[in-house]
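Q: Starting from the known structure of chain A, arrange chain B on it as the hints suggest.
Listed here are the chains, written in short residue letters.
Number of protein chains: 2
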Amino acid sequence: MKILKNKTISDVPYYKAIGIHCGIKKNEKKDLCIIYSEKPAVAVGTFTQNKVKAAPVLITMKNINSINPQAIVINSGNANACTGKKGLEDALTMAKVTAESLDLLPEKVLVSSTGIIGVPLPISKIVSGIESACNLLTNSKGDGYSAAEAIMTTDSHPKKITVEIIIDNKPILISAIAKGSGMIHPNMATMLSFITTNANISKNMLSKALRESVDDSYNMISVDGDTSTNDMVLILANASAENQIIDKVDDNYFKFKEALDYVNKELAKMIAQDGEGATKLIEVSVYNARTLKDAKLCAKSVISSNLLKSAIFGSDANWGRIMCSLGYSGGNFNPEKVDITIKNSKNTIQLVENGVGVSFNENLAKNILEEKSVNIIIDLHDGEYDATAWGCDLSYEYVKINGCYRT
Amino acid sequence: MKILKNKTISDVPYYKAIGIHCGIKKNEKKDLCIIYSEKPAVAVGTFTQNKVKAAPVLITMKNINSINPQAIVINSGNANACTGKKGLEDALTMAKVTAESLDLLPEKVLVSSTGIIGVPLPISKIVSGIESACNLLTNSKGDGYSAAEAIMTTDSHPKKITVEIIIDNKPILISAIAKGSGMIHPNMATMLSFITTNANISKNMLSKALRESVDDSYNMISVDGDTSTNDMVLILANASAENQIIDKVDDNYFKFKEALDYVNKELAKMIAQDGEGATKLIEVSVYNARTLKDAKLCAKSVISSNLLKSAIFGSDANWGRIMCSLGYSGGNFNPEKVDITIKNSKNTIQLVENGVGVSFNENLAKNILEEKSVNIIIDLHDGEYDATAWGCDLSYEYVKINGCYRT
Chain A
233 MKILKNKTIS DVPYYKAIGI HCGIKKNEKK DLCIIYSEKP AVAVGTFTQN
283 KVKAAPVLIT MKNINSINPQ AIVINSGNAN ACTGKKGLED ALTMAKVTAE
333 SLDLLPEKVL VSSTGIIGVP LPISKIVSGI ESACNLLTNS KGDGYSAAEA
383 IMTTDSHPKK ITVEIIIDNK PILISAIAKG SGMIHPNMAT MLSFITTNAN
433 ISKNMLSKAL RESVDDSYNM ISVDGDTSTN DMVLILANAS AENQIIDKVD
483 DNYFKFKEAL DYVNKELAKM IAQDGEGATK LIEVSVYNAR TLKDAKLCAK
533 SVISSNLLKS AIFGSDANWG RIMCSLGYSG GNFNPEKVDI TIKNSKNTIQ
583 LVENGVGVSF NENLAKNILE EKSVNIIIDL HDGEYDATAW GCDLSYEYVK
633 INGCYRT
Chain B
233 MKILKNKTIS DVPYYKAIGI HCGIKKNEKK DLCIIYSEKP AVAVGTFTQN
283 KVKAAPVLIT MKNINSINPQ AIVINSGNAN ACTGKKGLED ALTMAKVTAE
333 SLDLLPEKVL VSSTGIIGVP LPISKIVSGI ESACNLLTNS KGDGYSAAEA
383 IMTTDSHPKK ITVEIIIDNK PILISAIAKG SGMIHPNMAT MLSFITTNAN
433 ISKNMLSKAL RESVDDSYNM ISVDGDTSTN DMVLILANAS AENQIIDKVD
483 DNYFKFKEAL DYVNKELAKM IAQDGEGATK LIEVSVYNAR TLKDAKLCAK
533 SVISSNLLKS AIFGSDANWG RIMCSLGYSG GNFNPEKVDI TIKNSKNTIQ
583 LVENGVGVSF NENLAKNILE EKSVNIIIDL HDGEYDATAW GCDLSYEYVK
633 INGCYRT
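Keeping their order, the protein sequence lines are chains A and B. Everything in the first sequence is counted per this note's numbering, starting at 233 for the first residue and increasing by one. Everything in the second sequence is counted per this note's numbering, starting at 233 for the first residue and increasing by one.
By construction, these hints were calculated from the structure, which means they are not laboratory data. Please note that the accuracy of each hint is not assured.
[Unchecked claim] To spell it out: a stretch of chain B is covered by chain A in this simulated footprint if at least three of its residues, at any positions, have a beta carbon under 8 Å from a beta carbon of chain A; those stretches are: (1) 281-293; (2) 298-309; (3) 349-356; (4) 552-558; (5) 583-594.
Note that the Cβ used here is the ideal one computed from N, Cα and C, for glycine as well.
This is chain A alone, in the form it adopts within the complex (with noise of 0.2 Å):
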């Protein structure tokens, strides 16, 4: 697997994409973006659990079901959520005008909006911003990193990958952009990734490689606990590799996968390092756990408390509170075969030795957490099932952002 630093989702063969201001947010910044696939293409989705879905999502879990999706509208500024009647024909009427723009069936595009809940959407100005991004996209491949900054919104940067891995000899492209920031935690997906690939995939293996790629990233970080009401993964496949489908677990889907995953890991840890007023980035490994659900439901339950995310913004290595959240987290263990340990990218420390603490270096352990990026690495020594969460501390910034600004 090769990562391409300079490509981005319009550099993957058949797609175009851009991103434009259509006045939905203020400073003229980007927040209308289209991504479409000139041959028709395999598509699927994971979406929001959250029981108050916004009109976008509503439209979209719909025409996912549709033949061969090609393109996808999203809007940032205004989540069109909690919109009532008028919100589903605003998401409608952004389908249908992107669907004339591209001469597609309006059923062919998917819906996507990030931003403001309960605001009705502007929407002759993004009816417009559609035109008009449709319009430069006729005569050109447009240009993927626009495209990833007009699905901001707190971010601080735009989010974006690609891989290639070759399948029969043919070059596949699996590139994506997302965004996250606020509103980030477990269960689908809690965030917006858009992804396009050329490999030529089933509808069925595609939906089993994203569902299982989603479980194991985007659903394994926490910024804040909160799960949008308009968060969605979306991937097309174009086919126009031309590699033999891939139709079954075999090797060339686990190759794939592993490409996927990687894509879906990189954006969720950019998504957790940058969440609303994070200053570093955690990853707890748990390792050794009775049961993958037990290992799982240990790792978000210490990446999600906010004591623990306090002292690390402290740099303080209040192994008490990792601890502490092990065991209302609702998994199997034994506290009395606890190891714990810090490390970063020079030193490591244990801090837990069979559930109780060790003495350490307390100016080490300072240090460790200091670093923009910190490991907490679990052994149960209870099984053999490992999961990885990510997340990020708690810091003044993420109050001020929340209780100041509405976003």
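A: Just chain B now, kept in the frame of chain A:
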């Protein structure tokens, strides 16, 4: 029911209580408390659901089943959690020394600790402290106010309440002290509360009353989503009121239960209002849910949302975050039927009708949220069950307290 503002736990007939400084905390702050019933008492308790239970919790869960416990010994400043065999020995020593000093069997003493996790108790200081404190109780009632002080950690003030009811023409007092502040979240009991009463009541009925009362009070508050390793609520009933024994669900039971509910809910609110860094008490009332479970899940989810708590800190009527947290609560409801109203002591304003925002005066909404106590009223229009939860806003100060100090 009368509220006795100037009475405390040592004013309940045949109880004594005292708080002293034994040397765990710095600055001569009180850190050791003894509560003693001169008569054998019926005792029941509820305990943390955390899988990692502190040594005193394990000892007390055992001793509570002995016949007629008569004393509680509590230290603050050190949780005696994750302290291995030494921790269990120390907790047993606390019971043993208290028992010897008060001429009781060791299993008649209940033990409780709160404070930092993972540090061995300074047991010789505590032993001397227990002896001094019991000595002070020999010829005096002690001082319930000092007891309330001695169980505090990051609490900004002691929490206590006393009420009186009449059963069989006998005055029955119910009095309690509690501490809270951090690591406060539903699932028993997420704090410490010690209740004394002179009522004559069977163990079965006392257990039923306490369990139900805790579910509607301490288990409905959240400060930070963290459930501690040490939480417990204990009640002693020494029968000295000589009312006819309450041993079934009858009018006298309901009278007792109503008073106990009042005591526990008032303490729960005091704990929520005094949450670490809190500037406001938030009360979330959910009406007309399909089941009691749905009502409780919805109320708890809203009160636990970091995003909502940050918005309330900033006096921002961000009702989208309320809809969102209802949506991921796990409770059943129809998003299209939800009404949301906020109110304070002076004004009421509706924000949402049938799941969609209504236009409202943003300045008035800001004024309402700027008060020290804010009610969020959610009508699900979906059934007939109600629930109320209490919490506090999320402030810079919370992050500061937990990022820079070990508590």
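Q: Of all the hints numbered above, which does this structure not satisfy? Sort the numbers upward.
A: Hint check: 2 fails alone, others pass.
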